[in-house]
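Undergrad: Now for the letters of each chain:
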Amino acid sequence: MTIQLSSVNIRRVGAASGRAGSLVRRHERLIARLLLMPSLISSTIFVYGFIAFTLVLSFTDSKLLPTFNFVGWDSYAKLWGLNNWHVALQNLLVFGSLYVGICVALGLLIAILIDQNIKGENIFRPIFLYPMALSFIVTGTAWRWFLNPGLGLERSMHNLGWTDFKFDWIVDSHMAIYTVVIAGVWQSTGFCMAMFLAGLRSVDREIVKAAAVDGARGITLYRRIIVPMLRSTFLSVFVIQTHLTIKSYDLVVSLTGGGPGNSTDLPATFMYDYTFTRNQMGVGSASSIVMLLAVAAVIVPYLWAELRDRREKGDAK
Amino acid sequence: MLKLARGIGIAAALLVSSSAIAQEVEVMHWWTSPGEAAAVNVMKEQLEKKGIKWVDAPIAGGGGQAAMTALRARVVAGDPPTAAMVLGYDIKDWAELNLLGDISDAARQDGWDANYPDAYKFFGEYNGKWVATPFDVHSTNWLWLNKAAFDGLGVAEPTDWDSFIAMLQAAKDKGLIPLAHGGQSWQDAVLLGNVTIATGGIEFYRKAILQQDKQALGSETMRKVLERVLQLKDFMDSNAPGRDWNLATAMVIKGEALTQTMGDWAKGEFVAAGKKAGDDYMCLRFPGTQGVVSFVADSFVVFNVSKADKAAQIEFVRTLMSPEFQEPWSVLKGAVPANLKANDALLDACGKKAFAEYKEAAASGNLVGAIQLFSAPAAIRSAVEDVVSRLLSGDLNVDGALAGVVASADAAQ
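Respectively, the protein sequence lines represent chains A and B.
Read in our numbering, the first sequence has 7 at position 7, and its numbers run on one by one without any break.
Read in our numbering, the second sequence has 319 at position 319, and its numbers run on one by one without any break.
Keep in mind that the hints were calculated from the coordinates and are not lab data.
Check the hints yourself; a few may be wrong.
[Claimed, not checked] DEER-style ranges, computed between Cβ atoms:
#, chain 1, residue 1, chain 2, residue 2, range
1, A, L292, B, W161, 48 to 58 Å
2, B, E96, A, V47, 23 to 33 Å
3, B, D280, A, S43, 18 to 28 Å
4, A, L55, B, A70, 16 to 26 Å
5, B, V76, A, V47, 15 to 25 Å
[To be verified] Simulated pairs of lysine-lysine, DSS-like, Cα-Cα distance not exceeding 30 Å:
#, chain 1, residue 1, chain 2, residue 2
6, A, K166, B, K53
7, B, K92, A, K78
8, B, K147, B, K53
All C-beta atoms, glycine included, are put in the ideal place defined by N, C-alpha and C.
Same shape as in the complex, but just chain A (with noise of 0.2 Å):
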């Protein structure tokens, strides 16, 4: 809601200096581009810069640290024939889909549930909210200890006497990721909950009023009339949480180290390896070439339609 009316404020401002006159517009201007200058220059030696050196660095041989013996493709060869890489693309595939399918899934669930204007709403929604507070580290951590089966849930439920209560899926190879899927879900929904419930709040009550007059309630308003509505928000969660899912590192490190074995390995979990413990840099920075290309295909389609609704919206104006 807040970030709707900022806007709605800019647009004002904007408004008022374009009626003041072109000196002091032209003045306002300078003096933005100034102060973005700083934050322009480090974002491209230090985002943009690093991306060509790490470009470069996957075309090299480089071991331990860079060199520059160039070697053309061997280094994503090398990475497409190594098992390991394929193990954790495989995860990838395994834990972003689950982790924001759920995630979307149920903070939109929960999001409907606090939108019914339930009694002690401000209580809920810090609950739902708070695991938003800890770091991804704290989570794997905390997660780690709650599913080892020695320590954890298994044995308090053995120690309430189920003693055939069974739930080892953190030391299971086969399973593991799906820990991993638990944890960042429990971390997670109740972010895609705040976006919805926002998204919520700002459908135009003038439409659900009258859809109500048409005769649709309870479930066929929300599926039909409501959650159509919320095409934007669910753009913006699905591309946080997916691009989040390609970077993930520190829920993996925390909860299961990579293993058992490396089955639940990632990505960003291989790229380190590589590039700083295996002394294979080369290898290494064409993963996460081939990361960085992943997120771009699915932010540049995300923000190429965002600027085209603004430029479109531009013209209606």
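Use these hints to put chain B onto chain A, whose structure you have.
TA: Relative to chain A, chain B alone:
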């Protein structure tokens, strides 16, 4: 003009004299646990006695990974420390980049060539120059046992594979966890290394693990090694995956588990828990590896430094490589001195045994680099670790693992 020249002259003189006074070494390491920090203090004190200031640059965490990352950043930025803790084959990787300083003068002065075995020189030298200081001996082919638990079994000390398995089975029958293990890839690798020596003998270990000879790696002996590693899985508890090594040691200390196979840094845990070697716990060589010492050596590499700092650097490495330093250091670190001239008076029962065996192994050529860090360059080593980890986690069967270790030999290309 003259004034200016004189001014410069004075400034230069001041500079020279100040650098002569401010002798210091900046040392990067990852010894941050209480026991390790106490050991580092020995280093610091001995240097300060010689008038050299110790600038501590510890970087905690990640078994040194964080420190290695920081070291890379500093070296790339052109600001390397005087020395940094770098182990095993990583020393060669650094040396290959022409970044390391030459400390052969110190080696000549103190006779390192005579005082250190060839296996150690291999990790200290590069192209005939000393560039690193492997100064203590940790060995990984140990079996740590809870004495009370062992006595309760009524079996003899295991000396070969069959008696080892019989002992583990006896513990299992009594409801104990026979083998405390931490399912992290490097710990899986420690297990593999020990079983390889116990099964194929030291020559096979050299061929398969140190030289990555494909014939040896694909042989029936290797298959047997992998089968035995898998056999040991039956004696671990199901919560092993991901467990830290010191938690596994704690299981032995508390008597929940009978034994652990781990490097002798595990001894530090027993000592810290107030246990006594021989009374509360026992140290046996991994059955079938008697007479062999597979070592991990703590060491520093030295970087190219300015002439002014060189003197302090030389003094630093001479201290490290001297028996006077290694004796007290080893007691606190749970290691034994690497200098063959050192005295074992300060060491405990396990330490005396380890030092005697180290000297024997050095003389007989049974001293080999442990699979962890000292067997092969990082790329190959971690490929082998992957395979044995996947074998133990049930991802691979023996056939798959055998194909995997053969393929690991190509990992460096």
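Undergrad: State for each hint whether it applies.
TA: Hints, verified against the model:
{"no.": "1", "hint": "L292(A) / W161(B): 48 to 58 Å", "result": "50 Å, holds"}
{"no.": "2", "hint": "E96(B) / V47(A): 23 to 33 Å", "result": "31 Å, holds"}
{"no.": "3", "hint": "D280(B) / S43(A): 18 to 28 Å", "result": "59 Å, violated"}
{"no.": "4", "hint": "L55(A) / A70(B): 16 to 26 Å", "result": "24 Å, holds"}
{"no.": "5", "hint": "V76(B) / V47(A): 15 to 25 Å", "result": "18 Å, holds"}
{"no.": "6", "hint": "K166(A) / K53(B)", "result": "57 Å, violated"}
{"no.": "7", "hint": "K92(B) / K78(A)", "result": "23 Å, holds"}
{"no.": "8", "hint": "K147(B) / K53(B)", "result": "44 Å, violated"}
Against the hints set out earlier in the document, violations occur for numbers 3, 6, 8.
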